[in-house]
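Knowing the structure of chain A, use the given hints to seat chain B on it.
There are 2 protein chains.
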Amino acid sequence: MTDKKRAVVLVSGGLDSATVLAMARADGYDCYALAFDYGQRHRAELHAARNVAEISGAIEYKVIPLDLTAIGGSALTDANIAVPDHSDAPGIPVTYVPARNTVFLSIALGWAEVLGAESIFIGVNAVDYSGYPDCRPDFIQAFETLANLATKAGVEGGGLRVVTPLIDLSKADIIRKGIALGVDYAQTVSCYQADDGGQACGRCDSCFLRRQGFDAAGVEDPTRYQ
Amino acid sequence: MTDKKRAVVLVSGGLDSATVLAMARADGYDCYALAFDYGQRHRAELHAARNVAEISGAIEYKVIPLDLTAIGGSALTDANIAVPDHSDAPGIPVTYVPARNTVFLSIALGWAEVLGAESIFIGVNAVDYSGYPDCRPDFIQAFETLANLATKAGVEGGGLRVVTPLIDLSKADIIRKGIALGVDYAQTVSCYQADDGGQACGRCDSCFLRRQGFDAAGVEDPTRYQ
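Chains as they are written, first to last, in our numbering: chain A, 6 to 231; chain B, 6 to 231.
Think of the hints as simulated: they come from the structure by calculation, not from any bench.
Hints are supplied without guarantee of correctness; some may be wrong.
Ranges of calculated distance between the beta carbons of each label pair, as one might list FRET restraints [claimed, not checked]:
1) B:Ala221 <-> A:Gly163: 35 to 43 Å
2) A:Gly162 <-> B:Pro70: 24 to 32 Å
3) B:Val224 <-> A:Asp72: 38 to 46 Å
4) B:Asp200 <-> A:Tyr230: 50 to 58 Å
5) A:Arg166 <-> B:Asp143: 17 to 25 Å
6) B:Asp90 <-> A:Asp189: 49 to 57 Å
7) A:Ile64 <-> B:Gln217: 41 to 49 Å
8) A:Thr74 <-> B:Gln231: 33 to 41 Å
9) B:Glu59 <-> A:Gly33: 51 to 59 Å
10) B:Asp189 <-> A:Gly202: 51 to 59 Å
11) A:Asp173 <-> B:Gln231: 24 to 32 Å
12) B:Asp32 <-> A:Ile184: 55 to 63 Å
Quick reminder that beta carbons are idealized off the backbone N, C-alpha and C, glycines included.
One chain only, chain A, in its complex shape (with noise of 0.2 Å):
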């Protein structure tokens, strides 16, 4: 145990994860990456999410399995929904997970306590609050104000903080970033239906943001396709 600060970083073997907890370990925190095991299309993420955070020098990785294909509502927790290909239609997705990033943040939250953690740093970014409601940075906010509310660290300590370093940066934005910090992002998977060796589909919403990003930055994809 040193006397570093410290934060839980979820993390989901995607990109944007990959660059906050670069950006959380360049801030001088110890760094505890949390990722769950919640019925997704596929475990590449996760193996993924278990490389970048030893990689990244993290104290502990820890994967908590909850099972939301119970309550299913998505393309990603029900088999019955297929991932669309992208497109631009507004609206919410159906890739939309039903309270995913609360339930996520509340169980950072909990972590985070026994801890004594200060922080807790969350991936979210401009351009997935488009069209997730929990992305966006009045949600954050809100929850913010709950967690100071709901815990012993809030009530008597010295308060939680929530952090997104990523909200106002573009894909290009996060991915310049990561790169000066040295993050490996051939070790990333974003797809939302990659397959076992983590060989991305090319075609869904989550690739094609991917793969603008490394355009725009103007480096090159590193990203296996199918």
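Frame of chain A, contents of chain B only:
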């Protein structure tokens, strides 16, 4: 599927949530009972939760496995921390499970969204919130605000309410209310360390408050003690 309004009701197998379920039914809701297998010390409360949900006419009863022992930090989720006997010591007791109600409400929120439910019922009450930060009215209010920012239903739909019908009631009031609605408290288990048959220790905080409640209500205590 009926046209009746729907509610997700958090149930634990204990006295309070059995009363809440009866109250939600009496208010005309189709009730979807939600319990968690979170690593609690005994299985008797989940057995009780299923019984109570069936007897009270819940449309569905769902148990979500969620291993909070992976996080620990409480006498209820860490076998190395003993459950203390009742005491009047001030402060947050060791039976407090970090962020438990935040986590439970978050998952209830996800299910409510999938069901199109308009309300989530939770049995927090005045006796409990003296010690646990996540049983206080301002915590509940903050969660309701969050819920309406976090979800499709909140952003695009009619909104979600978090209903706490016990919040201002004493244990005796709760028991009187439940008796009037036909709740069979012999089916409920409140003890933090009941045996596999659901028999209570009679010594922990939860047993103490429950027994005191029956005394004050002038109702014979149907609890089976060890």
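Verification of the supplied hints:
In this structure, Ala221 of chain B and Gly163 of chain A meet the distance hint of 35 to 43 Å, their C-beta atoms being roughly 39 Å apart. Distance hint check: the CB atoms of Gly162 of chain A and Pro70 of chain B are about 30 Å apart, consistent with the given range 24 to 32 Å. With their beta carbons about 39 Å apart, Val224 of chain B and Asp72 of chain A fall inside the hinted range of 38 to 46 Å. For Asp200 of chain B and Tyr230 of chain A, the Cβ-Cβ distance of about 57 Å falls inside the hinted range of 50 to 58 Å, so the restraint holds.
In this structure, Arg166 of chain A and Asp143 of chain B meet the distance hint of 17 to 25 Å, their C-beta atoms being roughly 19 Å apart. Taken as a hint, the range 49 to 57 Å holds for the pair Asp90 of chain B and Asp189 of chain A, whose Cβ atoms sit roughly 54 Å apart. Here the CB-CB span from Ile64 of chain A to Gln217 of chain B is close to 45 Å, well matched to the stated 41 to 49 Å. Between Thr74 of chain A and Gln231 of chain B the Cβ separation comes to about 38 Å, which falls inside the hinted range of 33 to 41 Å.
For Glu59 of chain B and Gly33 of chain A, the hinted distance range of 51 to 59 Å is satisfied, since their beta carbons lie about 53 Å from each other. Range check, Asp189 of chain B to Gly202 of chain A: Cβ separation about 55 Å, and the 51 to 59 Å hint holds. Look at Asp173 of chain A against Gln231 of chain B: about 58 Å separates their beta carbons, and that is not inside 24 to 32 Å. A hinted range of 55 to 63 Å holds for the C-beta pair Asp32 of chain B and Ile184 of chain A, which are about 56 Å apart.
Of the numbered hints stated above, the single one contradicted by the structure is hint 11.
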